[in-house]
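Number of protein chains: 2
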Amino acid sequence: MKAEDDEIFCPRYHRAIELIGKRWNGVILRAMLAGRTRFSAIRQEVPSLSDTMLAERLKELEAEGIVVRKVSSAPPVRVSYTLTEKGRALQAVVEAVSEWADDWIPPAAEQRPREPSASL
Amino acid sequence: MKAEDDEIFCPRYHRAIELIGKRWNGVILRAMLAGRTRFSAIRQEVPSLSDTMLAERLKELEAEGIVVRKVSSAPPVRVSYTLTEKGRALQAVVEAVSEWADDWIPPAAEQRPREPSASL
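Sequences listed follow chains A and B, in order. All letters in the first sequence, in the order written, are residues 11 to 130 by our numbering. All letters in the second sequence, in the order written, are residues 11 to 130 by our numbering.
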């Protein structure tokens, strides 16, 4: 990244970072980069992600040219989702974020159990 | 990133990607990594970002330990915002996203003017 005044704001960067960081997209992309191609397999990797939300996000990622939806030609009908070259190129971003998270986000955040509601 | 089943979902990664990708955060961080430390200087780098929204985001980033707000001890009072070590460590993420955007987000997206509404 250059520090010159006229190069700081980049609409393409802006669009990219908010697309990747949009709710659920980052974890969906990580599951797909790890090889998940079936709807149920992707959903299983992401706690709290509903079918509806996953379907919506996959459609958006398809519209962005990041994901391709394939339907098998012969029965039984099988739908799979794979990353395009554009999608696979996000591996470097996912790795950079993973490294930053490993270094800077405390593990406690993932280990703290939900507190049960107090009953009087 | 490992592809083993039990390693795909990482709450720390999840938190990191959505924090960085939250609306405006990516562009604010890029402006700060490029050396902007004054409120007005940061805002100037981001078209359409309001004072209110920038103030809110800076507070959130401060709460996350990514930004430090400093007020000069002597008059005139000057407020500056700088990145912590945790914040500066995001350079690698911003660079990875910038490279992906350069490769995959068409420049047309930033150059296409709004179409004037057709008048009959």
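Mixed in with the good hints there might be a few duds.
What the hints assert, rightly or not - Okay, derived cross-link-like pairs now, SDA-like style, lysine to any residue, Cα gap no bigger than 25 Å in a straight line: (1) A:LYS96 to B:LYS69; (2) A:LYS32 to A:MET63; (3) B:LYS69 to B:GLU105; (4) A:LYS32 to B:LEU59; (5) B:LYS32 to A:GLU109; (6) A:LYS96 to B:ALA65; (7) A:LYS32 to B:SER58; (8) A:LYS32 to B:ASP113; (9) A:LYS69 to B:ASP112; (10) B:LYS96 to A:TRP114; (11) A:LYS32 to B:LYS80; (12) B:LYS80 to B:LEU93; (13) B:LYS69 to A:GLU28; (14) B:LYS32 to A:ARG33; (15) A:LYS32 to B:GLU55; (16) B:LYS69 to B:TRP114; (17) A:LYS80 to B:GLU28; (18) B:LYS32 to A:ALA102; (19) A:LYS96 to B:ASP112; (20) B:LYS32 to A:LYS80; (21) A:LYS32 to B:LYS96; (22) A:LYS80 to B:TRP114; (23) A:LYS69 to B:ALA99; (24) A:LYS32 to B:MET63; (25) A:LYS96 to B:ARG25; (26) B:LYS69 to A:TRP34; (27) A:LYS96 to B:GLU28; (28) B:LYS32 to A:GLY75; (29) A:LYS80 to B:GLU109; (30) A:LYS80 to B:ALA73; (31) A:LYS96 to A:ARG79; (32) B:LYS96 to A:CYS20; (33) B:LYS32 to A:ASP112.
Source of the hints: derived by calculation from the structure; they are not laboratory data.
Here is what the structure says about each hint:
Proposed proximity of LYS96 of chain A and LYS69 of chain B is contradicted: the alpha carbons are some 34 Å apart, above 25 Å. With a CA separation close to 12 Å, the supplied pair LYS32 of chain A and MET63 of chain A stays within the 25 Å bound. With a C-alpha separation of about 24 Å, the suggested pairing of LYS69 of chain B with GLU105 of chain B holds against the 25 Å cut-off. Simply put, LYS32 of chain A and LEU59 of chain B have alpha-carbon atoms about 18 Å apart, close enough for the 25 Å limit, and the pair holds.
For the given pair, LYS32 of chain B sits about 19 Å from GLU109 of chain A by alpha-carbon distance, which is consistent with the 25 Å threshold. Between the alpha carbons of LYS96 of chain A and ALA65 of chain B the distance comes to roughly 34 Å, so the proposed pair goes past 25 Å and is violated. Of the supplied pair hints, the one linking LYS32 of chain A and SER58 of chain B holds, its CA atoms being roughly 19 Å apart against a limit of 25 Å. In summary, the hint linking LYS32 of chain A to ASP113 of chain B is supported, as the alpha carbons are separated by about 20 Å, within the 25 Å threshold.
Annotation: proposed proximity of LYS69 of chain A to ASP112 of chain B holds, straight-line Cα distance about 23 Å (limit 25 Å). Under the criterion of a C-alpha separation no larger than 25 Å, the hint pairing LYS96 of chain B with TRP114 of chain A is consistent with the structure, at around 6 Å. Distance hint between LYS32 of chain A and LYS80 of chain B is unfulfilled; the C-alpha atoms sit about 30 Å from each other, more than 25 Å. Taking the CA atoms of LYS80 of chain B and LEU93 of chain B, the gap is about 11 Å. The hint holds against a cut of 25 Å.
A C-alpha spacing of about 19 Å is found between LYS69 of chain B and GLU28 of chain A, which places the hinted pair at or below 25 Å, so the restraint holds. With a CA separation close to 8 Å, the supplied pair LYS32 of chain B and ARG33 of chain A stays within the 25 Å bound. At roughly 22 Å between alpha-carbon atoms, LYS32 of chain A and GLU55 of chain B fall within 25 Å of each other, so this suggested pair holds. With a C-alpha separation of about 32 Å, the suggested pairing of LYS69 of chain B with TRP114 of chain B is violated against the 25 Å cut-off.
Distance hint between LYS80 of chain A and GLU28 of chain B is unfulfilled; the C-alpha atoms sit about 28 Å from each other, more than 25 Å. For the hint pairing LYS32 of chain B with ALA102 of chain A, the CA-to-CA distance comes to about 19 Å; that is within 25 Å, so the pair holds. This hinted pair checks out: LYS96 of chain A and ASP112 of chain B have alpha carbons roughly 11 Å apart, not beyond 25 Å. Straight-line distance between C-alpha atoms of LYS32 of chain B and LYS80 of chain A comes to about 30 Å, which puts the hinted pair past the 25 Å bound.
In summary, the hint linking LYS32 of chain A to LYS96 of chain B is supported, as the alpha carbons are separated by about 22 Å, within the 25 Å threshold. Only pairs whose Cα atoms come within 25 Å are accepted, and LYS80 of chain A paired with TRP114 of chain B is accepted, the gap being roughly 22 Å. A distance of roughly 33 Å separates the Cα atoms of LYS69 of chain A and ALA99 of chain B; the hinted pair therefore is violated under the 25 Å criterion. Restraint check: the Cα-Cα separation between LYS32 of chain A and MET63 of chain B comes to about 18 Å, which is no more than 25 Å; the hinted pair holds.
Between LYS96 of chain A and ARG25 of chain B the alpha-carbon distance is near 24 Å, which keeps this suggested pair within the 25 Å criterion. Between LYS69 of chain B and TRP34 of chain A the CA atoms are separated by roughly 24 Å; this keeps the pair inside 25 Å, and the hint holds. Taking the CA atoms of LYS96 of chain A and GLU28 of chain B, the gap is near 20 Å; set against the 25 Å cutoff, the hint holds. A distance of roughly 21 Å separates the Cα atoms of LYS32 of chain B and GLY75 of chain A; the hinted pair therefore holds under the 25 Å criterion.
Our distance criterion of 25 Å between C-alpha atoms is broken by LYS80 of chain A and GLU109 of chain B, whose separation comes to about 28 Å. Restraint check for LYS80 of chain A and ALA73 of chain B: the C-alpha separation of about 43 Å exceeds 25 Å, so the hint is violated. Of the pairs offered as hints, the one joining LYS96 of chain A and ARG79 of chain A holds, with about 14 Å between alpha carbons and a cut-off of 25 Å not exceeded. Under the criterion of a C-alpha separation no larger than 25 Å, the hint pairing LYS96 of chain B with CYS20 of chain A is consistent with the structure, at around 23 Å.
Our distance criterion of 25 Å between C-alpha atoms is met by LYS32 of chain B and ASP112 of chain A, whose separation comes to about 19 Å.
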